[in-house]
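Throw the hints in and build the complete structure from the sequences for me.
Under the working numbering, think of the first position of the first sequence as 193, with each following residue one higher.
Heads up, none of these hints are tricks.
Per label pair, the in silico range of CB-to-CB distance:
1) 433 <-> 323: 39 to 45 Å
2) 286 <-> 353: 41 to 47 Å
3) 353 <-> 441: 19 to 25 Å
4) 401 <-> 460: 22 to 28 Å
5) 325 <-> 390: 31 to 37 Å
6) 457 <-> 221: 46 to 52 Å
7) 450 <-> 297: 56 to 62 Å
8) 457 <-> 235: 42 to 48 Å
9) 300 <-> 456: 40 to 46 Å
In silico lysine to any residue, SDA-like type, Cα no more than 20 Å apart, as pairs:
10) 288 <-> 233
11) 288 <-> 224
12) 469 <-> 448
13) 404 <-> 340
14) 469 <-> 390
15) 288 <-> 312
16) 404 <-> 394
17) 404 <-> 251
18) 288 <-> 301
19) 404 <-> 433
20) 288 <-> 225
21) 404 <-> 252
22) 469 <-> 443
23) 469 <-> 381
24) 404 <-> 362
25) 469 <-> 379
26) 404 <-> 341
27) 469 <-> 455
28) 469 <-> 449
29) 404 <-> 336
30) 404 <-> 364
31) 469 <-> 387
32) 404 <-> 360
33) 469 <-> 450
34) 469 <-> 440
35) 404 <-> 335
36) 288 <-> 273
37) 288 <-> 271
38) 288 <-> 226
39) 469 <-> 453
40) 288 <-> 308
Since the hints were derived computationally from the structure, they do not count as laboratory data. Idealized CB from N, CA, C, for every residue including glycine.
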Amino acid sequence: MVSAMPELPEVETVCRGLALALEGRRLIRVQTYRAGLRRPFPLDFAERLQGRRVERIARRAKYLTLFLDDGWVWLAHLGMSGRMLVGPADENPPGKHDHLIVETEDGRRVAYNDARRFGLMDLCVTADLRLHPLLAALGPEPLDDAFTPLVLAAALAGRSGPIKTALLDQTLVAGIGNIYASEALFRAGIDPTRSAATIGLEEVERLVPAIKSVLIEAIAAGGSSLRDHRRTDGELGYFQHAFAVYDREGLPCPDCTCAEGVRRLVQAGRSTFYCAKRQR
DNA sequence: CGGCAAACCTGCGAGC
DNA sequence: TGCTCGCAGGTTTGCC
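This is the structure we're talking about:
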């Protein structure tokens with residue numbers, strides 16, 4: 193069994209699990225159980241996957257890219273509640289919210305399960321992948337060496353909105369979501385409500401390593417399992433136990449025991465968690 | 001262009 | 001036990 197929930201570390205965890213199950217394998221059976229997710233599946237989606245061998249699986253931001261042997265790429269996004277469940281190919285009927293099931297020549301089965309159906313599937317010619325409308329505008333990968341303080345500082349300049357909201361903008365840097373935005377700002381000691389443009393270079397020089405370290409540690413932990421995320425082997429990720437502030441309203445942060453504890457506020461409709469004493 | 005609210009859809013936990 | 005409300009990891013659209 194496998195699955196996921198989607199910020200960069202969770203998608204990376206799913207990517208690695210899927211690679212173990214599918215790379216080098218031919219898809220001998222593909223079945224969809226509804227017309228699509230947040231948008232319709234591509235025309236003849238199941239037929240176009242059927243019989244193809246999966247050569248390689250990679251991740252770009254929160255997207256999974258499965259490279260097929262006919263020069264096409266299967267592009268998948270997990271939305272909020274999407275999982276990839278890996279198991280033996282048996283005769284079990286599709287489970288509740290299973291929307292797509294593939295079976296491999298060596299007897300494995302991967303079910304895409306997504307209660308909220310915010311996920312997305314598409315097909316794209318490999319040569320055009322970088323130009324795909326969903327990928328073309330994405331910012332740098334935060335774990336790439338090319339993602340440097342100078343790059344982030346340039347992206348933040350001129351943005352009047354809060355730094356926390358800016359980190360969620362996938363065109364600025366791709367892959368950070370609501371959990372890791374709060375956690376990275378805590379590590380960097382930066383108040384999430386500050387205007388992005390006011391974050392000085394020395395602060396950006398703390399923020400970039402903070403982003404990288406929290407993502408790397410979360411990947412090593414198999415991601416964070418709050419509600420949905422599972423690893424490919426069915427185990428829970430455990431990084432949620434390492435949260436300093438996320439979902440910890442009123443509790444002390446690791447660095448201080450101020451009476452009010454971690455604060456929660458809403459920015460652009462999303463919860464933000466931070467320590468007012470530790471973050472300035 | 002920037003920023004924000006709402007919408008997409010279902011499940012779950014808290015409170016009554 | 002059961003109902004209602006609020007909230008949830010993401011992205012897109014539309015309005016100001």
